[in-house]
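Start from chain A and add chain B according to the hints.
Number of protein chains: 2
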Amino acid sequence: MNAIQVGLLGLGTVGSGVVKIIREHQDKLQHLVGCPVELKKVLVREKDKQRLIDVDPALLTTDPYEVIRDQEVDVVIEVMGGIEQTKEYLLEALHGKKHVVTANKDLMALYGSELLGAATRNGCDLFYEASVAGGIPILRGLVDGLASDRITKMMGIVNGTTNFILTKMSKYGSPYSEVLKEAQDLGYAEADPTADVEGLDAARKMAILARLGFSMNVDLQDVQVKGISAISDEDINYSKRLGYTMKLIGIAHRQQNSIEVSVEPTLLPDHHPLAAVNDEYNAVYVYGEAVGETMFYGPGAGSLPTATAVVSDLVGVMKNMRLGVNGRSAVAPQYEKQMKRPEEIHAQHFLRIHVKDQVGALAKITGLFSERGVSFEKILQLPLKNSELAEIVIVTHHASQRDFTDIQLQLENLEVVSKVKSTYRVEGNGEV
Amino acid sequence: MNAIQVGLLGLGTVGSGVVKIIREHQDKLQHLVGCPVELKKVLVREKDKQRLIDVDPALLTTDPYEVIRDQEVDVVIEVMGGIEQTKEYLLEALHGKKHVVTANKDLMALYGSELLGAATRNGCDLFYEASVAGGIPILRGLVDGLASDRITKMMGIVNGTTNFILTKMSKYGSPYSEVLKEAQDLGYAEADPTADVEGLDAARKMAILARLGFSMNVDLQDVQVKGISAISDEDINYSKRLGYTMKLIGIAHRQQNSIEVSVEPTLLPDHHPLAAVNDEYNAVYVYGEAVGETMFYGPGAGSLPTATAVVSDLVGVMKNMRLGVNGRSAVAPQYEKQMKRPEEIHAQHFLRIHVKDQVGALAKITGLFSERGVSFEKILQLPLKNSELAEIVIVTHHASQRDFTDIQLQLENLEVVSKVKSTYRVEGNGEV
Numbered sequence: 001m002n003a004i005q006v007g008l009l010g011l012g013t014v015g016s017g018v019v020k021i022i023r024e025h026q027d028k029l030q031h032l033v034g035c036p037v038e039l040k041k042v043l044v045r046e047k048d049k050q051r052l053i054d055v056d057p058a059l060l061t062t063d064p065y066e067v068i069r070d071q072e073v074d075v076v077i078e079v080m081g082g083i084e085q086t087k088e089y090l091l092e093a094l095h096g097k098k099h100v101v102t103a104n105k106d107l108m109a110l111y112g113s114e115l116l117g118a119a120t121r122n123g124c125d126l127f128y129e130a131s132v133a134g135g136i137p138i139l140r141g142l143v144d145g146l147a148s149d150r151i152t153k154m155m156g157i158v159n160g161t162t163n164f165i166l167t168k169m170s171k172y173g174s175p176y177s178e179v180l181k182e183a184q185d186l187g188y189a190e191a192d193p194t195a196d197v198e199g200l201d202a203a204r205k206m207a208i209l210a211r212l213g214f215s216m217n218v219d220l221q222d223v224q225v226k227g228i229s230a231i232s233d234e235d236i237n238y239s240k241r242l243g244y245t246m247k248l249i250g251i252a253h254r255q256q257n258s259i260e261v262s263v264e265p266t267l268l269p270d271h272h273p274l275a276a277v278n279d280e281y282n283a284v285y286v287y288g289e290a291v292g293e294t295m296f297y298g299p300g301a302g303s304l305p306t307a308t309a310v311v312s313d314l315v316g317v318m319k320n321m322r323l324g325v326n327g328r329s330a331v332a333p334q335y336e337k338q339m340k341r342p343e344e345i346h347a348q349h350f351l352r353i354h355v356k357d358q359v360g361a362l363a364k365i366t367g368l369f370s371e372r373g374v375s376f377e378k379i380l381q382l383p384l385k386n387s388e389l390a391e392i393v394i395v396t397h398h399a400s401q402r403d404f405t406d407i408q409l410q411l412e413n414l415e416v417v418s419k420v421k422s423t424y425r426v427e428g429n430g431e432v
Numbered sequence: 001m002n003a004i005q006v007g008l009l010g011l012g013t014v015g016s017g018v019v020k021i022i023r024e025h026q027d028k029l030q031h032l033v034g035c036p037v038e039l040k041k042v043l044v045r046e047k048d049k050q051r052l053i054d055v056d057p058a059l060l061t062t063d064p065y066e067v068i069r070d071q072e073v074d075v076v077i078e079v080m081g082g083i084e085q086t087k088e089y090l091l092e093a094l095h096g097k098k099h100v101v102t103a104n105k106d107l108m109a110l111y112g113s114e115l116l117g118a119a120t121r122n123g124c125d126l127f128y129e130a131s132v133a134g135g136i137p138i139l140r141g142l143v144d145g146l147a148s149d150r151i152t153k154m155m156g157i158v159n160g161t162t163n164f165i166l167t168k169m170s171k172y173g174s175p176y177s178e179v180l181k182e183a184q185d186l187g188y189a190e191a192d193p194t195a196d197v198e199g200l201d202a203a204r205k206m207a208i209l210a211r212l213g214f215s216m217n218v219d220l221q222d223v224q225v226k227g228i229s230a231i232s233d234e235d236i237n238y239s240k241r242l243g244y245t246m247k248l249i250g251i252a253h254r255q256q257n258s259i260e261v262s263v264e265p266t267l268l269p270d271h272h273p274l275a276a277v278n279d280e281y282n283a284v285y286v287y288g289e290a291v292g293e294t295m296f297y298g299p300g301a302g303s304l305p306t307a308t309a310v311v312s313d314l315v316g317v318m319k320n321m322r323l324g325v326n327g328r329s330a331v332a333p334q335y336e337k338q339m340k341r342p343e344e345i346h347a348q349h350f351l352r353i354h355v356k357d358q359v360g361a362l363a364k365i366t367g368l369f370s371e372r373g374v375s376f377e378k379i380l381q382l383p384l385k386n387s388e389l390a391e392i393v394i395v396t397h398h399a400s401q402r403d404f405t406d407i408q409l410q411l412e413n414l415e416v417v418s419k420v421k422s423t424y425r426v427e428g429n430g431e432v
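Residue numbers (full-length UniProt numbering), protein chains in the order written: chain A, 1 to 432; chain B, 1 to 432.
Bound-form chain A, shown alone:
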């Protein structure tokens, strides 16, 4: 078989990693697929820039069509980012019968179905392992490794930036703003950190995981999202005191045929496998009816880890080329999407409430919960320093989202309540 020709869109952090791995592991790649892999064309923004890796200048171009319309390019690797314009490039590559490997979660979360459909119609592969949890082969784990099982729940730490921030806040008791600045200085957070800290990046990954794990066309707008920017050091201290670790957790849960997908700051018991996933690491915890608990752990980002996932996808494409079976492994979603209603979503909740220090205050508050049949697992009342107020911290047993929202509204209206300071979901106490 002739050499496989690769067209690369983007030569930034991940793109440089891809070039490095293709070069350094050429022997292994050739052994696996029986032919060499060659870089044919590389799209860059500027030709004469200082780069992380040396590439023959003759391969560089600033015109995307020189890559996606090159007759000799077999596989297009997209690591440039972007959404609308990038989608057009990849659609054109697929119509030109080129296979595509992408690390673009934004694109796959928004247009995954459309792109996968185009790939199948053109007999092409479209692989995107690197789009979720960088170097962790979680998509393959779901699609192949757990193929025979019925997956009912996935919980993921799928954003390294927020996990880095929460780990530091928890370890050193530092406030959010200070740790965010540290993360920016270290290059773990971007100058505009919104997509990370407000949970959008994690939401995109959870949409992709839910689509694969539940075999439904889950869209980004199906994901309920809450970020970490409002978490105070008091919240973290209370959760530690109660035996919990605060993490930004993506949850995808199926019961019968209905699902919920969310991303929100969540308290996990300290002994939960995800509670020990620290710093910029990612992990996805998967619960299957037959297999029970499994977890996939590793680096969620970074040049070489992400590039490993990209080039492993490239190996998949090349193996399929050798066998002549490209574009035939994609499976359409099996089920109609059905989202749970608020009364069908159940979770435990943590609340921190400031109340007036009056006789009967606690009774009024607990009354609201018990009217709705919601009981408590833990409750803590403490006087608040330099204040007329007291602080009450509650962990409820399971309650529906509807009941919990109603209770929150009524709490705010209670005369004895000064303010509901914070509420968080609590997960991992045994019930799946």
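In case anyone wonders, no lab produced these hints; they're calculated from the structure. Any given hint could turn out to be false.
Treat identical chains as interchangeable: a pair holds within one or across any two.
[Unchecked claim] Cut-off 20 Å, straight-line C-alpha distance, at most; resulting in silico cross-link-like pairs (EDC-like, lysine to aspartate or glutamate):
no. : residue 1 : residue 2
1   : 385       : 234
2   : 168       : 190
3   : 20        : 289
4   : 168       : 270
5   : 419       : 391
6   : 171       : 270
7   : 421       : 198
8   : 337       : 27
9   : 153       : 24
Here is chain B on its own, set in the frame of chain A:
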């Protein structure tokens, strides 16, 4: 496509799980591969036994040849165990152009190369994901997910029985014999626990992992093995005191082109991801040059978890049947096997020594180490209750196996040394 016909060898714990999953997840299987899956014949030891699951008595047979020679059987699933005789059955099945899925680690560790060769020659698939770490899709993770990377180290907790025993010893300070009995009562350990507690079971799995991860023909006899039966509660207490957790760890390490493979009780720093893997759970930690640290965690045994891996392999076979590419995904080992010599194997070591309580005893001991250029990370000397002796506990920096073996011999010969009570490998302190 017509229904795929499955012949099942064995209807014990795992076999019953396989039947249950094929039945309960029939919709998903049919959606994935486009045709139903049917059980054609089932080999059992006795026809009229009480079983874990109901199976049509007409399908049962006590004659293996009724399964492996059945013209209509497409795939033989082997979950009966055994080695020599079982190998003959599977070779005959492969010669008869039947695909094979097996959960048999003993067989694959001893005759994996021979069976895989027969499969390739006959255009058949031979998959064995369930043979290592039950429900954890680790073999796929190595072969597909990390295909593009160069794996340099694997560390595995791959035996649930010993992990259960060590977890309990560590948690409750109970002695080995007591916990072993508890494990036997709970069904986690067999009446004859030798294969588990002496490390043989783990060694088989490490041989399989090393063969795949390093692409060399690693054999069972290449694995250095030491079990857990000599671990005392003192050893566990000292390791806790020094910030370590005792685990039975399988290590496969590649440096340049030479490898070492071993299974032995090992001290890991408490913060290491494997140190938190408790009870009967398994995990495999993989270090790749590009990806860095990843870990796969899950149930290492049990009826349904293991059956999930078996049926996921069956899905792989069926997808290949649909595409007409069976027997074409196996890759022969890329490298000649080259084992490290004792002077090339480096590790840190823990030693517990009883010495005569004499002036200069410690100096004589430390002298032996420094002559060989081996320095200490930690050292602890304590008087021994009701005795003329003192106890010295040492954690060395990295030393070669050759130097360490020599030092041990010389220690035993020192006049001031009463006895070298125990030695353990120490891993996970950063250096890969």
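Item checked: Copy assignment of residue 171 with residue 270, given that the CA separation must stay at most 20 Å -> both (13 Å within a copy, 16 Å between copies)
Next item on the list: At 20 Å max between alpha carbons, let me know whether residue 421 reaches residue 198 within a copy, between copies, both or neither.
Entry: within (19 Å within a copy, 56 Å between copies)
Note to self: Treating 20 Å as the Cα threshold, decide for residue 168 and residue 190: within, between, both or neither.
What the structure shows: within (17 Å within a copy, 45 Å between copies)
Check: From the Cα coordinates, with 20 Å as the cut-off, is the pair residue 153 and residue 24 best called within, between, both, or neither?
Finding: between (38 Å within a copy, 18 Å between copies)
Next item on the list: Indicate which option fits the pair residue 20, residue 289 if close means a Cα-Cα distance not exceeding 20 Å: within, between, both or neither.
Entry: So residue 20 and residue 289 pass the 20 Å test across copies only (12 Å; inside, 40 Å).
Margin query: Within a copy, between copies, both or neither: which one fits residue 337 and residue 27 at a CA-CA cutoff of 20 Å?
Written below: between (44 Å within a copy, 17 Å between copies)
Next item on the list: Using 20 Å as the alpha carbon limit, work out where residue 419 and residue 391 are close: within a copy, between copies, both or neither.
Entry: Cα proximity of residue 419 and residue 391: one copy only (10 Å, versus 60 Å across).
Check: Given a CA cutoff of 20 Å, do residue 385 and residue 234 count as a within-copy pair, a between-copy pair, both, or neither?
Finding: within (13 Å within a copy, 47 Å between copies)
Margin query: At most 20 Å between CA atoms: does that hold for residue 168 and residue 270 within a copy, between copies, both, or neither?
Written below: For residue 168 and residue 270, both the intra-copy (16 Å) and inter-copy (19 Å) Cα distances are at most 20 Å.
Against the hints set out earlier in the document, no violation occurs for any number.
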